[in-house]
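Heads up: the protein sequence lines correspond to chains A and B, in order.
All the letters of the first sequence, read from the start, carry residue numbers 1 to 437 under the numbering used here.
All the letters of the second sequence, read from the start, carry residue numbers 1001 to 1489 under the numbering used here.
What the hints contain is simulated information worked out from the structure, not anything from laboratory work.
Treat the hints loosely; a few may be bogus.
To be verified - Here's a subset of chain A near chain B, in silico, CB distances under 10 Å, partners left out:
1. Pro204
2. Asn356
3. Gln358
4. Glu393
Said to hold, decoys possible - Taking lysine-lysine pairs in the DSS-like style, the calculated list, with each CA pair at most 30 Å apart, reads:
5. A/Lys264 <-> A/Lys126
6. B/Lys1089 <-> A/Lys270
7. A/Lys270 <-> A/Lys135
8. A/Lys270 <-> A/Lys256
9. B/Lys1089 <-> A/Lys318
We treat Cβ as the ideally placed atom computed from N, Cα and C, and that holds for glycine.
Letter by letter, the chains look like this.
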Amino acid sequence: MTTSTPDHVTTDPLAPGPGSTPADDAPTCCDPTLTRRRLLEATALAAATGGTTAVFGDAVLQTAYGAPRPGRPVLVVLSLRGAADGLSMVAPYGDPTYLACRGWQAIGSDRVWGGDGFFGWNDDLKALQPLWNSKRLAAVHAVGLPIPNRSHFSAMEQIEDADPTSSVRTGWLNRLIGLRDGGPLAGFNVDEGVTPTSLSGPAPSMGAAQVDRVSIAGSTSPTDRRMRSLHALWDGEGGALGLAARRSFTVVKDFKPVLKASAKPRNGAKYPNGDLGTALGTAARVIRGDVGVQVLTVDYGAWDMHANLGVNGGDMSKHCQTLAQGIAAFFTDLGQDGDRVTLITVTEFGRRMQLNSQQGLDHGWGSVMLLAGAGVNGGRFYSRFPDLDDTLEADLTVTTDYRTILSEIVEARFGVARNKVFPGFAERAQTGLLRPA
Amino acid sequence: MGRAYRGTPLLSPSDRHLVSRFSYGVTPELAARVRKAGGARRWWQAELNAGTADPGAGQIDGWWPDLDDDPGRLWINSRARGSDRTGYKVMIDYQRWCLARRIVADRQPREVMTEFWENLFNVPTLGDPSFVQRFDYGQTIRRNAFASYETILTAAVTHPAMLLYLDQCSSTKEHPIENLGRELLELHTVGRGAYDESEVVASARILTGWLVRTAFKTSDMASWDRYYDPAEHWTGTVRVMGFSDANRDPRDTGLLGRYLRYLARHERTALRVAQRLAVKFVSDTPSRRLVENLARVYLANDTEIVPVLEALVSDREFQGAVGRKVRDPGEDIVATHRALGSRMSKPRTDDDAAQVTLYQSSLMGQTPFSWPRPDGSPIDNASWSTPARMLGSFKVHHNLAHGAWPNRGVTYRSASSWLPPLPARFSQVVDHLSRQILHRPASDRLIRACAAATGQQPGETVTSGHPVAHAQLDLVLTTILDSPEHLAR
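In isolation and in its complexed conformation, chain A is listed as follows:
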């Protein structure tokens, strides 16, 4: 396993950032089947058949901040947008109240694997079993915001900003990469749309759904006429747009090793069809290129299952299968590179205990968080599981603040003090989920 030396704090991450409206990609509120990235796949196809692709010459890599150091820890944050029902993923099948609340949509003892008598994995997540058996996968239950927030947008903002001490909109991942002078590729959102809140802020980041889009059409080297012309237009331009243009020039130069690496998944990895598989495949390729990316954000949307939960082959089944196959393929693909990669899932809140009249679940509170890969003390369920109620308004009460887990990750994997990334978060609890690097 590759280890790394903790970095020293060099800059104050809490510089004012640009203000903006909520800015992330999330599922539709009613329709659990479609997401935005489908269109982007169509786009890729069109670009491949009709678009132009830039060809890269033998440009010398030049960066303002020094070459990225290889082999550093990487964190992948997989957002289950729309508020995923953790109880359908890691089921407390030993709790009779859970079984009563969910009735025929409950995951009982006959439908779990890896059960410890109380918690068990939904069979639809079977593809995670090798990671679990090799103790590289863990789950934390009843995790979430300390106070319920049932608004998708506000809860996502709260989770991804994670700094109640400041009104400046800066995401926790932005603060994390801002602690090191990592350059514009330190953060990478696997989509070219709006940067998610978690990555938004003063530290630069990049986004692309497909790696070959990280190029400047019409340019073959950083010093050709095309680039000289763009520099003439943008080098003196102020504002957010000018900054973005100049960062894009640097990114294209620095990203070259990723484009040189083979696009083919390794070790027989087979990603599930669709958005998530494509995104995780892109993430693996970016990580293998080792161009200084420290955190990646990936969205997997459409968990807002207000109607027809579908644990019996419906929406929840399909989502769980895709999720498990995606994570499993990602680590298979990474192989040895996976030894420095930690993946976590985050969702804005969980769902109510009881099914509604449409056999779906309205907005609730606590959910589950999955952790896989480097540093994870796996093969265990972590939870102070609360007493459940079988009433219309009942939630899964949160017993673990989501920042407890994220704090342990930034400490164990990145060697930075938790209050640098989560200001005002005083809790010192240690779950033991992460091994120190």
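Fit chain B to the given chain A structure using the hints.
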């Protein structure tokens, strides 16, 4: 011989500013119409009072035939075995229609306001089954683009597309689904902080009974119209902030209308609508003074939007905000087509220009109304100022200026039509192009950048046989489209 080439008459900078904010790009043709109307303000005033008829937009009628089908037919088609008319594909056609319409419409301010409201009341174009009503939803908003906020709010919130999208169609009196009742408060009117969870439940209860005639489980013909079912309406006192109603009668007593009227006239709604208009049309940081003034005008005029817009464009803050708004990707692709004067034809293949615009918009990070949440796509500068967006824009501008992609279903202007009488100095050629594309003289920076792109000197004489008059013209066009001026509105 000076730098300027005065062949293209220009509007004054302040006139250009007003027209730019209320159109998808100031073309020489639009500028001529503005001059004919007696200046930008008179043109704008006339546009606010113009009807919905739009001869320019008429040229795309019938380009995407499914959009003319009624909801029942769309549903059946989408469910047919092996159908290639899924809801997803119909919505892609709608997105293409939106982009094409913005390019060709004569009534530009109405198109701009339609997008503004349609985004504020976002019903994502990815949604199944709301797709069956999605085209009518957009047309309903277009008709009401200059109406009162109360009218727009009512039209949007009670439209079958919205009732389908936010689950109202499945709500029952025993188990009211909170989705629409919550977003109505949080996103469409007063905003968070004005109500508690019990008021969300009351909001959902007020909405019970409003349903849609659906055929979810079957391929039967249904109207997909809104209707009211007293048997599903929850009765009993409802209280939401200062609104209360005994609500004893399950029949439609106009309860929802009274509730929406209350919400539309709430001071918090006034401030939020004013803030959003100011961010869209003035700057990302409008002053408190401006927003409060707009809210006052809104409340004093029974939520009518036209007086609010008049106060907005008359304000010194608007006049001082020239060039301070970044074009989002949708605005970029539309403005680029308008600037290049490309003429699209009815699409016959997927590679035709009218289809490709959508992919190009997507490469920059956004397509019409596909933002997958009810809060609408961001309208601030920072969201669209990312390295990824810049790379997308550079790619799209390059491909269009070179006529490389798309190269079917589109006629680009000929090289000779762009050029001033030759010979002319290189700087004069750039100036002439800048006036046509950016509706302003070329800056020194732009001339320098065009010179760098072509390897020419600004003082170089361009003759009819010169590379700039031929192969290099595309490089100059690309550079002008890549300029900070083109990326702002």
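Unmet hints by their number, sorted upward, for this structure: Violated hints: none; all satisfied.
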